[in-house]
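Visitor: Hey, can you work out the whole structure from these sequences and the hints?
Residue strings, one per chain:
There are 4 protein chains.
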Amino acid sequence: MFFASDNWAGAHPAINERLLKESTRFAAAYGTSELDRAIEQRFNEIFEREVAVFFVATGTAANSLALASLAKPGGVTFAHSEAHVIEDECGAPDFFSGMRMSPVPGALGKMDPKQLRSRIARYPQDAVHHGRATAITMTQATEVGSIYSLTEIEEIAGIAKEHGLPLHMDGARFANALVQLGATPAEMTWKRGVDVLSFGGTKNGCWCAEAIVFFDPEMARELPFIRKRSAQLFSKSRFIAAQFEAYLQDNLWLDLARHANAMADRLRAGLEASNSARLAWPTASNEVFAVIPKSTAQAAEAGGAKFYDWLEPHDMPEPVAEHDLLIRLVTSFATEPQDVDAFLDVIAAG
Amino acid sequence: MFFASDNWAGAHPAINERLLKESTRFAAAYGTSELDRAIEQRFNEIFEREVAVFFVATGTAANSLALASLAKPGGVTFAHSEAHVIEDECGAPDFFSGMRMSPVPGALGKMDPKQLRSRIARYPQDAVHHGRATAITMTQATEVGSIYSLTEIEEIAGIAKEHGLPLHMDGARFANALVQLGATPAEMTWKRGVDVLSFGGTKNGCWCAEAIVFFDPEMARELPFIRKRSAQLFSKSRFIAAQFEAYLQDNLWLDLARHANAMADRLRAGLEASNSARLAWPTASNEVFAVIPKSTAQAAEAGGAKFYDWLEPHDMPEPVAEHDLLIRLVTSFATEPQDVDAFLDVIAAG
Amino acid sequence: MFFASDNWAGAHPAINERLLKESTRFAAAYGTSELDRAIEQRFNEIFEREVAVFFVATGTAANSLALASLAKPGGVTFAHSEAHVIEDECGAPDFFSGMRMSPVPGALGKMDPKQLRSRIARYPQDAVHHGRATAITMTQATEVGSIYSLTEIEEIAGIAKEHGLPLHMDGARFANALVQLGATPAEMTWKRGVDVLSFGGTKNGCWCAEAIVFFDPEMARELPFIRKRSAQLFSKSRFIAAQFEAYLQDNLWLDLARHANAMADRLRAGLEASNSARLAWPTASNEVFAVIPKSTAQAAEAGGAKFYDWLEPHDMPEPVAEHDLLIRLVTSFATEPQDVDAFLDVIAAG
Amino acid sequence: MFFASDNWAGAHPAINERLLKESTRFAAAYGTSELDRAIEQRFNEIFEREVAVFFVATGTAANSLALASLAKPGGVTFAHSEAHVIEDECGAPDFFSGMRMSPVPGALGKMDPKQLRSRIARYPQDAVHHGRATAITMTQATEVGSIYSLTEIEEIAGIAKEHGLPLHMDGARFANALVQLGATPAEMTWKRGVDVLSFGGTKNGCWCAEAIVFFDPEMARELPFIRKRSAQLFSKSRFIAAQFEAYLQDNLWLDLARHANAMADRLRAGLEASNSARLAWPTASNEVFAVIPKSTAQAAEAGGAKFYDWLEPHDMPEPVAEHDLLIRLVTSFATEPQDVDAFLDVIAAG
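Protein chains in written order, with the numbering used here: chain A, 1 to 350; chain B, 1 to 350; chain C, 1 to 350; chain D, 1 to 350.
Misleading hints may appear alongside valid ones.
Intra- or inter-copy, both count: the list cannot distinguish identical chains.
Unchecked claim - Here are the simulated DSS-like cross-link-like pairs (lysine-lysine), alpha carbons at most 27 Å apart as the crow flies: (1) K306 with K161; (2) K72 with K161; (3) K21 with K306; (4) K114 with K191.
It is worth saying that the hints were derived from the structure and are not from the lab. Model, not experiment: these values are computed from the prediction.
Guide: This is the structure:
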């Protein structure tokens, strides 16, 4: 009953197998091996165009270095107020990019386009005192389990283009959003106006595989130096490449995401049907937020269930009662139906 | 015949096996799992005292974050002029620590104590204009294959203590130096005055396992925040822990280093006996520098041998002739005797 | 009719005279002259305790370097959402301190204590992911012309102490607030819990005189290096000292602030009595915010009046009508009663 | 007998007078006044082309922000090993630019072209590990009183252009070099290949007037934001402009520099004729380095003379004997012939 986070899971057997194979070979270091090259080519295919790809160690690194590559002195980047880059990365995006992250409100973890426009308007391009609007970053799927529709992405991208701002997408849970929308990687990114993507594999079956993807390779010009100076260039880079090779082969990544999402569906259905719990707000993807009695939460934890309390957001549809608790439940490629059912049983038992 | 670098090797089977086992489990993320805790305990045993241990993604990160934890505004860190932190990390140590790296000359990659004193004297503690001496970093084994003796470490440490400066050791090839000296980890570090260590596992059989070790845990107070802000906190941190578990078990790490060094001995012996090559300078550990005819180098490469040219150092004992080439040969846990012999045959064939 | 800002004024004759005298002498550079020492002693007297004083070039520098001296990796500083450090310094405080500025709401430019507590609670001391609460900065007088009472300062300081956070005060208009409260410098700062002060002289009659004042000199330990590395150590530092000497002599600074405030009183009284204008919100000190018809504003500008439009704040008591304009009027030591009256006449004329 | 530094002098009466006049006016802040504009135009005339000019507080700021505007991630800037940017600015250039300063040897404070080439060769444009050559900075007049001839400037600039590197000139003593060479400002800068200049007025009669001058305004695109974020945008900027106005009027600046140099000539002549002192090395401009008996130095100091000891450079033509002292003597616009003669008398008296 591990629902604390999708990064509590291990790694998928196919990925392990590929790593094993890689471990018995010699190959060039620092991202220059043939395998590194081959995986870069694989990203071109996946995204249906020539892209520039850079492996890094963590999702925080992917976001921070992507933003660093878009940075200008006095720059301001806009992100949802509850975005990972603002609330969960200890200031790393600010540190690496030298920019400030400006919080944009919006329901269900998605930036409100009107609010976004209003924030951008405070930072015009000649605003030496205020600082200047320089980039926008959006999270897909969001921190609270929602997903921007393709039209919503297009709307944010439209605002970005209108102001001449590059658009970054934090795709720590990219695959979960993708299969939910039934879109292609291209459709959910550059075809809708995304310029740079943090492409996460770690939460979805790899043990450490994060990539920055530039849809215009020219924008990546400084990244090799930014990455090395940021201590993010792996010597045995091909072990990241190997994970991605297995991950992307025969649509494994999409299957894993579909499984995680299906497990979340099962959870949602069970909680909706439950008398002792309710969904805090509607989610898609592999995150579920529920309100359960504190006593039930204790019982669940005593029974071995793992999950995190969650801070009530500003736009909480229905407040959490004193004796209740808001919790987050995350499923992954490794979640088994019986885990879900066991958890629902514990909840039902109250 | 892979002698380009020890990071061209793969990963040792025992480490792979341990990773496989880890991949099928769920566990807490971000370095809080029981395995993470257990490995920290293991480091205590290895170093015979309570230490503070932090995993990071690369050797550059280990060096940079270690120095960042010792930093002061206007600080100057002293390192050998050919040190990795100065010549091979794209300024990452400066970037993360905000300090400048001040080059100290010395023969065979080791800081000359007299030169070190003279450099420190330029940066007294009240030198607002020049900047102030703040830390010393030494590399063991050095970039050019030499090793500081325990007495030499003690001498550098003595200078550090005398000036109130913390001493960092870049141990990317720590194990290779350790087995060469026949010392214990404690003897080669804190017992001789080292305060912080970059403990490298990647070059010696792991695929990605680097740790910062503080011998006074109080000095590590800021490191958790420095690491997270530096985007170096792995979500699936326990996969680093797992590598270290296997690496440190039953002295595997020492055996691997002994093997690599033995392969280097075999290379050295063969080159010394050769008519068509000479050792550029004496080395210990797993790095060998040789001078060979350019034509021989071409023949070797045509035969599949991998190695790098090397820039002639200032203190080159005997200059490289026009028709010759200075090359670096690095052995690893994965080097086979027949690879060495094959290479020596190619050299002999000219 | 110069009401655009108090930094549009020139310099007071007494300060000019002192600068003239200084210009004919030789003296030691970089803040080491006898005059520099004497002024530091003067600050001790003014603040009734031993303080550490550092001259810098701008108010932004004073704020940024003060915060840099309080910084920790992953640190978060709390400031009012409309504070100068957040909205008007192009990210300089973040740049120099490496901290993020977290906006705290509150009416009339003053942090709401409850909101402040709630923000701090999001960043506990072990919050590696979120970052940790590290400092609080308050502005006295505020950006919108209000003043924290001594009790209000004490309340903010109480929250700071409770959480172990140092408290900085941005005193760009320190004197204006001081004379308004009728307090002593000590009473408005360290006696109420302020730890570090940006003491501004430029807006009140100097042409360039800003100081950082530490009430616990021990907290200033790193400042000499921070200042030099920040390119803020004047070679002819004594010309700042000279300005402060004249500024602080015979309470000139308080007289100048009283004059500026009196001119603002005159403005306020005139606007309150006016049929064609209203005060946007109550202010003390030398800033007045008024709502006037757009046509009147144009007429005033045509007549030579200088002032700035102002962005409507969230807590605007009564919204600005379509045909009206919110403007800021700032008086200074150099404002003459006839300027105020002329302006009021223009407004009255509509 | 003030020979400690040219920044021990006060300010020239013409500059004081202009400041007085400025102090009685109101004018727009933050560099937007008509006077600011007029002075920018004045710089165009002085340099015979359209330039972009930015005032800052200190010479360190001018150098640091100029380099920041040229910076790239992983960038390396080349400077003479004894350059101010390396030895006397507490790491500010590294801090603001994020680049490392790479020391280039050379006799008499001037970069040796061959050594410069050799350093640049270590940092090619694709050298992710080493970092990449990004800028060159030269000092005119140098730290040790020498001056690059126009041909020598052209040679350095040639190397810069050849490698596609922008060339910065630290002109803290620009005027002293200019009058010595009898060149025009254009000839000593952009006509010989200089791209950016730190134009210093403080050491030559202003009390605080430093400017960054870009000969290609397009290169200055980011500077307004860099300057504000660096806390270097004066609110009463026009007081810097006013100093420059007086400084540049009727060639005052050149007259002042000629005077300072003439005083240095008088010193040099006296020391050369002296039995109890010798010139340490040949200098031009307003700096003189002498070797005198320690006892004489003590007597001079007892007699009220002010000067600094100097660290013996690597290329010291003739070593300093045990009982001797190497000292630096700097003259300025305010040095009087009788001060020089009095000092020479003290030296002669031994």
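Visitor: Could you run down the list of hints and mark each one as holding or not?
Guide: Here is what the structure says about each hint:
In this homomeric assembly, K306 and K161 never come within 27 Å of each other (Cα to Cα): the closest approach is 42 Å inside a single copy and 36 Å across copies. Within a single copy, K72 and K161 get their C-alpha atoms as close as 17 Å, and across copies as close as 26 Å, so both meet the 27 Å cut-off. In this homomeric assembly, K21 and K306 come within 27 Å of each other (Cα to Cα) only across copies, at 21 Å, whereas the closest approach inside a single copy is 34 Å. Taking the closest pair of Cα atoms, K114 and K191 come within 27 Å of each other only inside a single copy of the chain (22 Å); across copies the shortest separation is 45 Å, beyond that limit.
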